[in-house]
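Participant: From first to last, the protein sequence lines stand for chains P and G. Per this note's numbering, the first sequence starts with residue 148, numbered consecutively. Per this note's numbering, the second sequence starts with residue 148, numbered consecutively.
Each hint should be verified, as a subset may be incorrect.
Repeated chains share a single entry, so a pair holds when one copy, or any two copies, can fit it.
Below, in silico cross-link-like pairs of lysine-lysine (DSBU-like), each with a Cα-Cα straight-line distance of 30 Å or less [as the list claims (entries may be wrong)]:
#, residue 1, residue 2
1, K420, K289
2, K289, K406
3, K406, K456
4, K485, K216
5, K485, K420
6, K174, K254
The hints are simulated quantities; they were obtained by calculation from the structure and are not laboratory data.
Now for the letters of each chain:
Number of protein chains: 2
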Amino acid sequence: MTELTTVQLEAPYLILIGDITDSTYAKTGLGIVHWRPDLVAGQLRFPGCKVDMGVPDLSISEAVDAGVKSLVIGVAPVGGEVPDSWWASIEEAARAGLDIVCGLHFKLADFPVVAAAAEASGARLIDVRNPPAHLPVGNGFKRSGRRVLMVGTDCAIGKKYSALALDQSMRETGMNSTFRATGQTGIMLAGEGLPIDAVVADFISGAAELISPDNDDDHWDVIEGQGSLFHPGYSGVSLGLLHGSQPDAFVVCHDATRKTISGWEHYPLPSIKDCIEQHITMGNRTNPDIRCVGISVNTSTLPLEEREKYLADLSAETGLPCIDPLIEGCGAIVDYIKEQFED
Amino acid sequence: MTELTTVQLEAPYLILIGDITDSTYAKTGLGIVHWRPDLVAGQLRFPGCKVDMGVPDLSISEAVDAGVKSLVIGVAPVGGEVPDSWWASIEEAARAGLDIVCGLHFKLADFPVVAAAAEASGARLIDVRNPPAHLPVGNGFKRSGRRVLMVGTDCAIGKKYSALALDQSMRETGMNSTFRATGQTGIMLAGEGLPIDAVVADFISGAAELISPDNDDDHWDVIEGQGSLFHPGYSGVSLGLLHGSQPDAFVVCHDATRKTISGWEHYPLPSIKDCIEQHITMGNRTNPDIRCVGISVNTSTLPLEEREKYLADLSAETGLPCIDPLIEGCGAIVDYIKEQFED
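Next up, chain P with everything else stripped away, as it sits in the complex:
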């Protein structure tokens, strides 16, 4: 039997943002501070840094004294490289025994100085985008507990944000829920997870099954989605995740004004109606009771006076709660889920 492993990070984190001058490139760090301040002990900044995440500045030795377990590289610069001048600090952290956590597109082990420092101290080098070895093939057996999956009319359309906001709303109303991460930023936020788009094709649904294991009957996994069933590049990931998640419920994430697949402009966005129907058609293979419980829309590109009407019309058309999670929050979707599943 394969061991059930996902990527596991150890908190608290020291978040490295170095000497960046533009907060756009600190979105990983800022996301962690926004969503999971409880995981964050401080930030590591260098002279000239123009970004402040509003958490204590700590040196590496101060962080060690404060019980920090991991140095998280909190930037996502264009090109995906870390400036040469930062590596001395990363090496110092590894030598001091902090796990080094990175979601960029290189491998930490390819930096021999860092690898040697980590080996000497016993620290782990965690490339968040590397899935664990020995994943199982999906078995399709029914698991206990409830699951809600974020799906989308496209990639990069608010699935992670919607999942985090929905999980937060559920917990605020006293429900028993857990955000389940399927991508690198989500994994850093959750402290664990599995980068579903990086696993070998035969193991997509098996990996999805590991992400949301058996749980209490009243527990909800709120699962971060990936890609889209309608995406000419990534649909296989989305279907494997749908089948492996065996969701009871799904939320369609959408952008009010996007007309085509982002970066694949020769493909129109699917209609919300088609998106709901195809997820039910395909999803009922592993969960015959699957249903849509709401639509989470990014309305930031609509004129302010149009957004209420847009959401009201969509709600009338679909019979579902339609919200912008940044504005209305996910309360209406939580209410609908309770109505549908608690009786």
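Keeping the supplied structure of chain P fixed, place chain G upon it in accordance with the hints.
Facilitator: Frame of chain P; chain G shown alone:
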């Protein structure tokens, strides 16, 4: 731009079946001899071998003299291991400059003696199940030429056999067609291809696009399928392959008496009607003209007197040619394809 690479094998082959005593375990070798005798120079057998593939016995030095380029491990033993006593011959072949081709679940490079011999001679060690690095993400652009994809109500239901038989029938009637391999045995048969189930999830449809590149307008790629859209373990592979293949046509492969997914007996087999409908619904994302052109049925488990009625009934129900490729051959499907696409 990513280089467009697939696995490329060099013929002619010497096929190693060693000292096996049961032809069941020589199915890789026998498959190559059956379907692609033109690729085969001979067989390498050891004393005690009870299987004869009907091709010349050659020693490694005789094979080298005869211009052989690759030693293909032609067995698929239970457990996926090669007997210890065979490795001396594999090493000898590598030292003599023959590429070593293997589709089993270990890596040739993990055998240091073989690796050293190959390095000394310049021979390649080709693990057919290892996809090439640097695959692209699927772009979804329309390619020239025609494509027909084998799909299935389950795994291991005759997709490879059907593709090979259909390709052969098409060529016999003068059509311009190519079998496109997506799995290890298919790759050995075709001499090239890409093991689609072994690629990283984000690149499934990109890999499928490489497998059937632009071609002449009257050319047909006959693409080996993998998995099934209805398979709880492998559906992601199948959807990525469907979208990346952008098939004009598909053939449903089915087993007349199978009731449940093989090895996943808690899942019923889908109906042929549902199988056709879902492939059209999903497939029209990358090819709006996709249509089903026939059903290829394994009728070997039906009583002889029932098979004709079974196929006739299925044909009446679907309006499509329904054949057992081992018995009727694929001529009826070829005729239907001509009718549908040549005007």
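Participant: Next step is simple, just say for each hint if it's right about the structure.
Facilitator: Here's how the hints hold up against the structure:
1. For the identical chains of this complex, K420 and K289 are neighbours both inside a copy (27 Å) and across copies (26 Å), given an alpha-carbon limit of 30 Å.
2. With identical chains, the CA atoms of K289 and K406 are at most 30 Å apart between copies only, with a shortest distance of 20 Å across copies and 37 Å within one.
3. Taking the shortest Cα distances, K406 and K456 sit within 30 Å of each other inside one copy (19 Å), while across copies they are farther apart (50 Å).
4. For the identical chains of this complex, K485 and K216 are neighbours neither inside a copy (38 Å) nor across copies (66 Å), given an alpha-carbon limit of 30 Å.
5. Taking the shortest alpha-carbon separations for K485 and K420, only the intra-copy value of 23 Å comes in at or below 30 Å, while the best inter-copy value is 36 Å.
6. Only within a single protomer do K174 and K254 lie at most 30 Å apart by alpha-carbon distance; the minimum there is 20 Å, versus 40 Å between protomers.
Violated hint: 4 only; the structure is consistent with all others.
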